Amino acid sequence: MFIGKFNFSWPIRTRSGRPQHGLPIIRNAMDQATSASPAMTFSVLSSTAPVLAPRVGKLAIPGRKTIATPHHVPLTSRGTVPHVAHDVMRDHTEINSLYAGLEDYHESPMKKFICVAEDMPLILGPRRFPPIPCPPANTSASIALLTSIGFTQLSAHDYVKAVQNLRPDIAVGMVDLANKQPGSKRRGKMVDRTHAWTRDALEQLYGDAVAEKDKSKSAYFAPVLPLDNAQQSLYLDDLESEFRWDISGLALYQSASLGFVPESLANLPRLLFSEPETPQAILRDISLGADLLTTPLLGASSDGGIAMGFVFPAPAPVPEGKSERLPLGIDLWTGDHTTDTSPLGEGCECYTCKNYHRAYIHHLLLAKEMTAWALLQVHNFHVMDTFFAGVRESIQRGSFEQDIQTFSRVYASSMPESSGEGPRLRGYQLPANGPNQPRRMPKVYGVLDDAIQKYAEAQSEIATPDTGASGLEEHGFAEKL
Amino acid sequence: MLCHRLLVRRLAKTSYPTLSLSIATMSTTTASTRKPMPSALTFDRHAKCSTTKARASTLHLPHGSVPLPIFMPVATQASLKGLTYDQLRETGCMLCLNNTYHLGLKPGQAVLDAVGGAHKLQGWDRNLLTDSGGFQMVSLLKLATVTEEGVRFLSPHDGSPMLLTPEHSISLQNSIGSDIIMQLDDVIATTSPDHARIKEAMDRSVRWLDRCIEEHKYPERQNLFCIIQGGLDLELRKQCCEEMVARDTPGVAIGGLSGGEAKEEFCKVVHTCTEILPEHKPRYVMGVGYPEDIVVAVALGADMFDCVWPTRTARFGDAIVSSGTLKLSHKSFSDDFRPVEEGCTCICCRPTDQGGLGLTRAYMHHITAKETVGAHLLTIHNVHYMLNMMGKIRQAIIDDQYPAFLRKFFSDIYEGDKSKFPEWAVGALRGVGVDLLADS
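Sequence lines, in order, name chains A and B. With the working numbering applied, the first sequence corresponds to residues 1 to 481, in that order. With the working numbering applied, the second sequence corresponds to residues 482 to 921, in that order.
Simulated from the structure, these hints should not be mistaken for lab results. None of these values were measured; they are calculated from a predicted model.
Label-pair ranges, simulated between beta-carbon atoms:
| hint | chain 1 | residue 1 | chain 2 | residue 2 | range |
| --- | --- | --- | --- | --- | --- |
| 1 | A | Glu118 | B | Gly914 | 46 to 56 Å |
| 2 | B | Tyr895 | A | Thr152 | 37 to 47 Å |
| 3 | B | His811 | A | Pro327 | 44 to 54 Å |
We treat Cβ as the ideally placed atom computed from N, Cα and C, and that holds for glycine.
Isolated chain A, as found in the complex (with noise of 0.2 Å):
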């Protein structure tokens, strides 16, 4: 659906051939591609404001699978989408683009190196998404990162080699992000340090040093930092002149950033780094123009045993005078699932509700097996496509806003909390310890026997019952003497 008139791309840019400052830059209504990447090109297809406003688009390199925006962008973990077999993404999912952050890669080469599909649309930053914060400091030239092998700092011209080396579709650049709220010297840095590593980024990737043939084929999405307009506005107005036509796309990393995205710079896709934690949110970040949106919430909901239910637009609203909102997803940990042989969700054309049921996923989830994250992660990736084809095709119609208040008044304000345990987290997972950091586990006091025998439990394959003997009794599994 997504061809026709306005799908053309802009004529093959070269640093070399763009226009001269001072002359103006020519450009008609319908001249919406401006991806300064030789590679990609995004066009904007349904849009009622340049910025500000829900917006349909379509992002395009070639060679690679085409993303319609919005749209949210699946988060690798080591290369992975967690749980996901490259198999099972292949067969059974519609995953049509990966970011990875460069953090994950830092005790190896990447190159070829996940094995994913040839036309995998490829996005790199330098860090995992969600970060997990550094107790050590960012310094001018680098940043820190967490690794599984420990801290280490990631510095600016490694970032490039590894964006050259690479080669991946789109290049997130590096940006100096704060562990906590920046008081106004931070703040400086930030901007500071930012702006010199896009300005060296963009010099060593497109510039004029750079030779024809050596020049980056990387699209690069330019951050912009989560701070006041006021605060960045040197950075912001570089972007705008000097980086215009070296930059493909923005990098947000607050949704209240998506309100300083200059007029001039509005063609260029948006890529929203951010953690809603329901649809609702999702919805608000694309009503302000988000285009490709980072949404953590789906994996996190298939480690915590949730099943995603939730469609766009909503179905028929709720009548007056009944206050029963629909939930947002189910928890397959609660015991109303052990003989429940009905899919996940009603009438899912998703693998795993077409192969499986709740019993099952139930089942799996008590029993610690790994295969229910597996089929919970194909679920919960179909429910977020549809929800986001939904969108796309709402602002399409023109009926977002009403669509927006409808699925508000129909659903329930947040995802159903989980009753049970994820998967077990590895230390490039985990918060680090330190001040303002959660404890990893909680402090144990008390009788040493009672805390190894548990730990002996713990680390033990046997299977415990989590029942008494008049359970098991009941499950017909021995009698009681």
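Using the hints, position chain B against chain A.
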């Protein structure tokens, strides 16, 4: 400890009025009064090796046909370690295991009955085999004691004494609905020095088999296999074979092995049993899964094997290949961009232009033991490797080339160095007419 002592005292005080009665009844059971034993399988023998005792056959079960000899992966709790059942199908698996002990605890018999059995629970339309739960009781629960009635144990949750009888086990397996079910047997370590206890376990396993046959509700759709016991005592094994063969179960398992005994002893037991067991029934050697053990046991006339090793070792990052195993977590693989095994046809190793994923050792090194996907992918490779190996074994038997297969197999693992060939394998194979050390 306190708990243990209390239990012993409590057990000592308890009397079992039914005990003597049940033994009396059983001892009077004769062939004429025995319940007829229908079979829900057909066993087609295709070829027999002209040198060794290896057989190639097909086992037709209610959920499809299984080429024998076969390795059966273990989906302990109704899931094969992270795989979807389509991924398991893709490896070619026709028959996998579930554990009665685990399914009895979770989700439990009531749920299995409500859902309609384990096939429906896990969405698996091929064959299932379940063990009796006895092995887990004894190996996992330290305080389990075996009496004539069944296995007494303390509830791991609240410590109260419980009893698992042959009747419980069969009833659970009837609810699970597996295509092959196993009798509850009295399992003791083969290395036990107590000869009287070994004999008692053997005799008791025979008596329990009768109780299992009696309790079995669906012999027309579930095949009950007996389990030969008798430790490492070949005379006891022979007696047990004769007693159990007389009960005419659809298939026969050789149990109590793979418990730390010397490989020579293991081979002798298999060899002795297969001499006596009828040719027209499938023979299952329980708990055996190292490739070397399997190829030798096949030569000794065994047909079916199961082991958690290939799937467990995958989760630790070890890939099974024709030269042995690759420890992919080792740093030397971090820039090795070859597939896990060149020429392997599993979906992980096959190149992308042949519909595979084209995964490299370097990438497996990167995610192994860190991401669950690493476990999924290596599990696929290892299960595929085992099934593919069984396929090659079968073809070699059909072509009557099994001795040559054996020589190449050991040569590949030990890089042609015959001095490194394990003595037990050389000895066992010599017993069936194959000299591994002879010049080929």
